[in-house]
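J.: Sequence:
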Amino acid sequence: MGAVQRLVQFTLDLFDAEPAPLPPKPVASQNSEEKQALAPVEWSKFAINSELSTVHVPGAPLAEVVAPAAFHHPRANRTARLCDATVAYELRRGKRRTIGFAVGPDGLVVSAPRWVSLGAVEAALQEKSAWVVRKLGEAQQRQYRLESARIEWKDGAVVPFLGEPVIVVLDPRHAFDGTGGQLARRAVTATLNADAEALPGVPHLSLHVGLAHHAGPAQIRDAVQAWLMRQARRVFVERLDHFAPHLGVQWKKLSLSNAGTRWGSASADGSIRLNWRLIHLRQPVIDYVVAHELSHLRVMNHSPQFWDTVRTVVPDYATLRGQLRDEALPRW
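Going by the working numbering, the sequence shown opens with residue 1, and the numbers climb by one from there.
Think of the hints as simulated: they come from the structure by calculation, not from any bench.
A quick note: this is a predicted structure, and the numbers were derived from the prediction, not measured.
Treat each hint with caution, since some may be false.
Stated by the list, open to error - With beta-carbon atoms standing in for the labels, derived distance ranges:
| # | residue 1 | residue 2 | range |
| --- | --- | --- | --- |
| 1 | Lys252 | His72 | 40 to 50 Å |
| 2 | Arg331 | Asp195 | 39 to 49 Å |
| 3 | Trp307 | Ser255 | 33 to 43 Å |
| 4 | Arg97 | Lys252 | 24 to 34 Å |
| 5 | Lys95 | Asp195 | 53 to 63 Å |
| 6 | Asp308 | Pro245 | 36 to 46 Å |
| 7 | Pro74 | Asp326 | 21 to 31 Å |
| 8 | Ala70 | Ala259 | 48 to 58 Å |
| 9 | Gly270 | His214 | 45 to 55 Å |
| 10 | Ala318 | Cys83 | 44 to 54 Å |
| 11 | Trp131 | Lys95 | 46 to 56 Å |
| 12 | His246 | Ser267 | 19 to 29 Å |
| 13 | Lys95 | Glu152 | 18 to 28 Å |
In this text, a Cβ means the ideal position worked out from N, Cα and C, and glycines have one as well.
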């Protein structure tokens, strides 16, 4: 197997299908005796999903749809022609042993060891050109979807909670404690109510937030976020405690993440980090992410053994993984 082929380590995440092994392909090498490097685990990227950029987005000029696809990273320092697309990407050099590809909201980032030639990087890109262009198209379409899902923070805003739409209701009556004294500004209360008689098509859940009707968008956003984060910690702890005994592991610490590119991570010392925005999604999808991270306490990679471990507690993880990929979280 060629040295470039051995070097390539494509980013594994929570959302892609389990990667098939790359077929051997002879490639010119600087050191044919180099042994295959074991790449470190690269944790999950946010979900990206849709068709390639040839899909017509409402409102987009037709010329942009029929023109050859072009993707430009804001910090691009290299350009490549991949399939029929022009891709301007950011090339990062560092102390690593493999070539890694990551597609995010900004575009393509290629990370490579300092000693690897540009020709070797280009060969690796061409080897996976279809994969790269597909992921870039999915990321582009996801950005359109995210923009359309942006929340307008006001009375009547709708926020997803455990897969259900919740109407935000500004209710000054909730701004007082039980003794009649007004609560401190940081202690804005929020109470979730369910209306069994809600009309069809109207959310039956409402979150009554103890703010005046003239409260500004930032106040409303902060109060709702604080409530969602409290619910996230409660739900995550409950699901961690549920799955850990079944996997034969112990988690030690839970931290809530606000990362823009990761759903979660796990450390060998039992520390778990989960993105609080998962609370927007249905519980089965949350269960998949929780089980995924707990499984890393047994297998610290994404090998077949790891996926077999996940399957023992979440048999339909592949379906849930796809649903996670398809979700478009609201923009804050």
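J.: Out of the numbered hints, which ones does the structure contradict?
T.: Violated hints: 2, 3, 6, 8, 10, 11 and 13; rest satisfied.
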